[in-house]
Structure formats: structure tokens, C-alpha cells
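S.K.: Using the sequences plus the hints, can you model the full thing?
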Amino acid sequence: MKRYRAILLVLFVLFAIAGMSAQDWIRTGTGLGVEKVRLAVPDFKLVTTDTGTQNLSAIFNVTLWNDLQTAGIFDMVSKSFYPLSVPGAPQEVHLNDWSSPPPNANMLAFGNLGIQGGSLNVQGWLYDAKNPQSPQVLGKQYREPANDANARLIAHRFADEIILRLGGGIAGVAETKLYFVSNRTGSKEIWQMDYDGADQKQLTHMGSIALSPHVSPDGTRVAYSGVTKEGWQILMYSLELGRAVSFQHFSGDNYSPAWSSDGQTIAFSSSRTGDTEIYSVSSTGGSARRLTESKGPDVSPTWNPKTNAQIAWVGGRTGLPQIYTMASDGTNVVRVTDQGYAVSPSWSPNGQFLAFAWIRHYGPGAPGASDIYVMDVASKQWAQLTHEEGRNDFPSWSPDGRHIVFQSSRTGRVQIYSMLADGSEVRQLTTAGENTQPNWSFK
Amino acid sequence: MKLTRSQWIRIIVALAVVLAVGACGKKKVASAPPPPPPPPPSPTASLTANPNTIQAGQASTLTWRTDYATDVTIDQLGKVDPSGSRAVTPAESTTYHLVAKNDSGTQEATARITVVSSPPPPQQISSGTDEQLFSENMKDVFFDYDSYDVSAQYQQVLQADARFLQQHPGMKFTIEGHCDERGSTEYNLALGDNRANAAKQILAQLGISANRVRTISYGKEKPFCTESSESCWQQNRRAHFVYQK
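Heads up: the protein sequence lines correspond to chains X and Z, in order.
Last residue of the first sequence: 443 (our numbering), numbering continuous.
Last residue of the second sequence: 688 (our numbering), numbering continuous.
Rather than coming from a laboratory, the hints here were simulated on the basis of the structure.
What you were told as hints is all true, and nothing was included just to trick you.
In silico negatives: residues of chain Z with every beta carbon more than 10 Å from chain X:
| no. | residue |
| --- | --- |
| 1 | Thr506 |
| 2 | Pro525 |
| 3 | Ser526 |
| 4 | Gly527 |
| 5 | Thr532 |
| 6 | His540 |
| 7 | Ala554 |
| 8 | Arg555 |
| 9 | Gln575 |
| 10 | Val600 |
| 11 | Pro666 |
| 12 | Ser672 |
Label-pair restraints from in silico Cβ distances:
| no. | chain 1 | residue 1 | chain 2 | residue 2 | range |
| --- | --- | --- | --- | --- | --- |
| 13 | X | Thr307 | Z | Arg606 | 46 to 56 Å |
| 14 | X | His387 | Z | Lys665 | 29 to 39 Å |
| 15 | X | Thr411 | Z | Thr669 | 17 to 27 Å |
| 16 | X | Gln339 | Z | Ser674 | 23 to 33 Å |
| 17 | Z | Cys675 | X | Thr411 | 18 to 28 Å |
| 18 | X | Arg317 | Z | Gln596 | 18 to 28 Å |
| 19 | Z | Glu579 | X | Arg243 | 41 to 51 Å |
The structure displayed is predicted, hence computed values, not measured ones.
In this text, a Cβ means the ideal position worked out from N, Cα and C, and glycines have one as well.
M.R.: This is the structure in C-alpha cells:
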């Protein structure tokens with residue numbers, strides 16, 4: 001009884017402190033309160049022991065661990081709890097060593113790895129440690145030319161298989177890409193990287209300014225905006241051809257393209273009338289259709305990817321920018337944010353949430369900076385995900401809806417970070433130059 | 444003692460020299476003392492300048508002539524020959540003053556060179572390009588934070604800009620919209636476009652054809668000033684005029 005009183009007292013003090021600091025620390029997300037699966041992932045056993053194999057196995061093990069930890073649905077069992085003998089194949093598994101304390105694992109992922117004839121061979125299994133009768137959930141075999149990139153690729157594939165099985169049937173994001181703007185070469189160009197920050201590659205070489213990359217739903221093209229001789233135009237980069245391809249030019253300045261999730265339509269902002277408005281155009285070109293009709297800046301459209309029947313965007317019709325939604329034909333305009341400076345909306349894959357950047361209390365001396373928020377579109381209830389660490393902007397949802405990538409100046413220069421959609425597990429993905437406007441691929 | 448032929452020649456030459464010298468000396472001693480020289484007449488002097496009116500930087504020739512003078516000076520030139528000429532390039536109108544002296548007296552002469560100021564240099568039009576002329580005359584429009592409204596102050600600036608543009612109907616130009624660093628990248632692009640177009644529309648009302656004007660927004664991509672201060676931000680919130688070649 002005494003113990004309970006002590007706990008109550010501690011809780012009371014905690015609530016009091018939370019109240020005093022007047023912060024909006026609210027945790028939201030899907031699957032909250034559900035116990036996470038305790039997953040043990042011992043290093044894969046080496047079949048060959050040359051230095052090449054050792055190097056690739058190190059890359060593989062680190063990548064697999066990071067993928068599973070980043071997924072946000074596992075409680076990763078610390079390696080210090082593992083039994084001394086690590087299994088490389090099913091016949092070497094002693095399930096009881098894993099299912100009982102200290103590991104107390106629900107699940108065990110293990111396997112082996114070797115290089116034969118220039119190929120990297122990986123065998124991996126997922127075992128249900130609490131089901132000794134029929135433990136195997138998954139058994140996979142991979143074979144790719146032996147190099148660093150393929151060691152990461154195989155780890156991503158195996159991780160995504162595990163996440164798909166244990167994460168409620170939602171595919172993992174370990175094989176997804178991020179597109180972003182980097183000035184590390186001296187001018188702002190479009191770049192690509194893996195979802196975990198690996199393998200960063202420059203795509204465009206404009207030498208002027210390129211901004212706002214948005215990859216097509218099928219992953220074949222990146223739409224972006226760039227300064228040309230005809231001002232800002234929506235430009236297109238083919239990931240299949242590895243070069244820029246033509247897209248229709250329009251009069252005025254044209255920027256901030258956004259793909260509908262069926263790949264049919266691109267919404268963007270254009271100044272052709274002298275006032276910036278939102279337009280939509282077929283992704284194969286054609287005449288653009290004007291959607292907004294109001295004085296002031298209108299920019300940064302994002303489609304509801306669930307239905308493609310709605311668009312959210314940023315409007316300056318009342319002064320400081322606010323988030324609005326409308327039907328994709330321009331009707332039924334609804335103001336979403338009620339105060340401050342709200343920009344850069346990104347619609348969640350399930351259509352339920354908008355992530356955006358918000359300076360909620362705006363004005364001289366007002367507390368708060370630009371932070372990332374998530375709002376439930378139907379109820380307009382919101383939660384704050386970042387808390388006054390630098391200026392945070394341009395959130396973009398991962399295809400599984402569990403992660404958000406964004407830019408932040410928290411370390412001085414603007415860099416790209418990912419986090420779980422509840423604001424936890426923040427990871428820095430870029431370091432070279434300044435990196436902005438991340439966009440998560442659809443798959 | 445027998446004399447050689449050369450010894451004879453030497454003796455004859457020596458005798459001839461002695462005789463000749465002796466004859467000269469005798470004559471000098473014999474001449475009467477000269478009468479005292481007559482007192483020299485007073486000096487005469489003249490000084491002329493040709494031409495006597497020049498433009499700054501040009502040269503004129505001073506010519507002077509004196510008689511009987513033992514000492515001739517010109518104030519600006521110092522001691523000079525009794526007669527002569529010299530080129531001078533006075534920066535301003537100058538009276539040259541010559542003094543000729545001898546024991547009997549002094550004579551002065553003057554000459555004035557008038558320097559007229561050079562005509563005003565030809566208009567900037569010929570020395571500067573249209574581009575320079577444009578950038579010297581076209582004043583930018585500055586905006587309040589998160590605003591694309593042109594204030595009364597900058598309405599007047601645009602009126603002056605429009606007058607200049609009407610005087611130079613051949614000039615085409617671009618209006619760049621700029622924003623300070625605080626806003627978000629994409630919203631600032633849109634805001635910059637609205638700023639550039641606000642300036643364009645007012646110029647259109649003042650009679651400047653839209654055909655002469657292009658607009659582009661640079662948002663916060665090309666700041667004029669990179670410090671994080673209000674004075675710097677103010678510099679970056681503008682519609683900037685750029686001559687179009």
C-alpha cells in the first residue's frame with residue numbers, strides 16, 4: 001500500500017511539473033499501449049571467414065539491426081543478454097535459451113552469410129521463440145553480387161519481410177528512398193538517398209536552383225521546381241534514364257509540385273495571373289486547371305493519398321500563412337489551422353492526418369519556434385512532435401505512416417532527420433552541406 | 444761647334460717668337476686708356492600671350508622681348524632670357540607679369556590669359572551604358588514582414604521609376620521578388636511572386652506596358668544580406684529591378 005502511495009505521489013508531481021511548463025507534450029500514434037514484440041537478432045554466422053565476408057557481414061548486421069529498431073514496432077533485446085552460442089541455421093537453435101530470461105525474446109531472427117564465387121549468399125530465419133512446436137515464421141535465402149550496396153539491400157529486404165509479418169501486415173520502409181535538396185556542391189540540386197541516409201547520390205546538375213522534389217508513386221520520376229530561362233518551371237527527372245526529361249512549361253513562376261497517389265495528376269503553384277494560385281495538370285502534360293481563387297500566396301499543395309479527392313495547401317489570404325483543405329476540383333475550402341504561421345503540409349498515407357510545420361504562437365517575443373505537428377483532419381485535434389529544437393520544417397510521411405522525415409536547424413545548419421510519427425526515435429540522416437525539403441517515396 | 448739643320452730651325456723659330464711677343468707687349472703698353480662707356484638706355488620690354496583666351500587644360504604661348512635689360516624675370520616663371528617664348532597651361536585666368544631691369548631703370552609688362560571653364564562633360568548617356576543608367580535611376584521597393592502591399596512611401600518611389608521608364612521606352616526589365624530568411628522556402632517563393640507582381644501592377648497603372656516587364660521570385664534563395672537582424676531582413680524584403688539585355 002505504501003508503495004502505491006509513493007507511485008501516486010511521483011505521478012502527481014510529474015503532472016504538476018508538466019502543467020507548470022505549459023508545454024504541449026502529447027504522445028499520439030497507432031498501436032500505443034500495445035506491448036511491443038521483444039525481438040532478438042544475433043549477428044549472422046559467417047560461412048566463409050575471409051576479410052571480404054567479414055566486412056560485408058558487419059555492414060549487413062548493422063543495417064538489419066537499424067532497420068528493425070527504426071521500424072518502431074519492436075523492443076530490441078540487448079545483445080548482452082544473448083546466449084554465448086549463436087545459431088546460424090535451424091538445427092543450431094536452442095529456443096529455450098532465447099525464450100527464457102534474460103533474453104525473454106518473443107521472436108528470434110538469425111541466419112548465416114558467406115561469399116561464394118563473387119556472390120553474397122544470405123540465409124535468414126524468423127522463429128517464434130514462444131512456439132517451440134512450430135517455431136518457423138519465415139525462412140529466406142538471398143544471393144546477389146558481393147558488394148556493400150547489396151549487403152545493405154539484402155538486410156533491408158529481410159528486415160521488411162520481418163516487419164511485414166510482425167507489423168500488422170503493413171510493409172516496412174527499409175527499401176524506400178528519400179529525395180531532398182542539398183547545396184553541398186555549391187548550388188541547390190536534387191539528391192537521393194536510402195531511407196536510413198545511406199548511399200547519397202546527386203540527381204540534377206542545374207547549376208541554378210532546384211527545389212521541392214516529389215517522387216512519382218511508381219518511383220520512376222521525380223518532379224521538382226527549378227530556375228530556368230523561363231523562370232521557375234516544374235521539371236522532371238527520370239530515375240530510369242538517369243537524366244532530366246521534358247515536362248510542359250507554363251507562363252509565370254511554377255513550383256511546389258505534388259503527385260496524386262494514382263500518378264495521374266500533379267498539383268502545383270503558379271503565378272501566371274500575377275497572383276499565386278494552385279493548379280492541377282495531367283502528369284503527361286496538357287492544360288492546367290486553376291483550383292484556388294483568392295488574393296494572396298497559395299502554395300505547397302499535398303493530395304489526400306487515400307482518396308485523391310482532397311488537396312491541402314498553404315494560403316496567405318488572411319495574412320500569415322495557414323493550412324487549408326479543398327476538394328480536388330477547388331470546391332469546399334476549409335481552413336484547418338486557426339493561428340500562427342502554418343506551412344508545408346504532408347498528408348498521411350491513410351488519409352487521416354496532416355503533418356505540417358507550425359509556429360503556433362506567432363509574434364515578437366512569443367514563445368516557440370517552427371515545429372512539426374500532426375493534426376487529425378476530421379477532428380482538427382493536433383499533437384506537437386518536435387519541441388523547440390531549432391527550426392523544423394517540411395515533414396513528409398513514410399509510406400507505412402509510421403515515420404516522418406523532416407528538416408531541422410537544431411545543430412546549426414539545416415539537416416534532414418527522421419522520426420517515428422509520435423516524435424520519438426529521432427535520427428539525423430545528412431551531414432554534408434545544408435539539406436532540406438525531404439520527400440519520402442511512395443514505396 | 445757645328446749646328447745641325449734642325450738646331451738652326453729651332454733658333455730661328457725662337458727668335459721669331461721673341462720678336463713677335465716683344466712687339467705685342469710694346470704696343471699694349473703704348474695704347475691710351477678707353478673713354479668711360481656711355482650710360483645704357485633704360486630697358487624696353489613687351490609681353491604678349493597668344494591666344495589670350497583658352498579653355499582649362501589648353502596651352503597658350505607667352506612671347507616677350509626686351510632691350511638693354513640685364514635682368515629679366517616673369518613672376519610665374521622666374522628668371523628668363525632677355526627675349527623668348529614659352530608655352531603655359533594655366534589652370535585659371537592668370538596675369539603674367541614681366542620685369543626687365545638694368546642699371547638705368549626698370550620696365551614692366553603684363554599679359555593676361557583668360558581661362559574659360561570647360562563646357563559640362565557630355566551627358567552620362569554617352570559615358571555609361573543603359574544598364575548603368577537603369578540601375579542608377581530605378582529604385583527598389585521594400586516591404587513589411589509577410590506583406591506584399593506597397594506602402595505610400597514606395598508608391599512614390601514607383602512613380603519616379605515610372606517617369607524614368609517613360610523617358611526610356613526601349614528598356615525592358617525584370618522585377619525580382621525577394622523575402623527574408625525567416626519564412627518557409629515554398630511560401631516565400633509565392634510571397635516573392637506576389638511582391639514582384641504588386642510592383643508590376645502599380646507600374647502598369649502608371650502606364651508602363653506589361654510587355655516590358657518580366658517577374659520572377661527568388662523567395663529567400665538569393666538574399667542581399669545574410670545576417671539574422673531586422674536591418675538585414677528589411678534589405679531582403681524587396682522587389683528588385685534588373686535591366687534586361
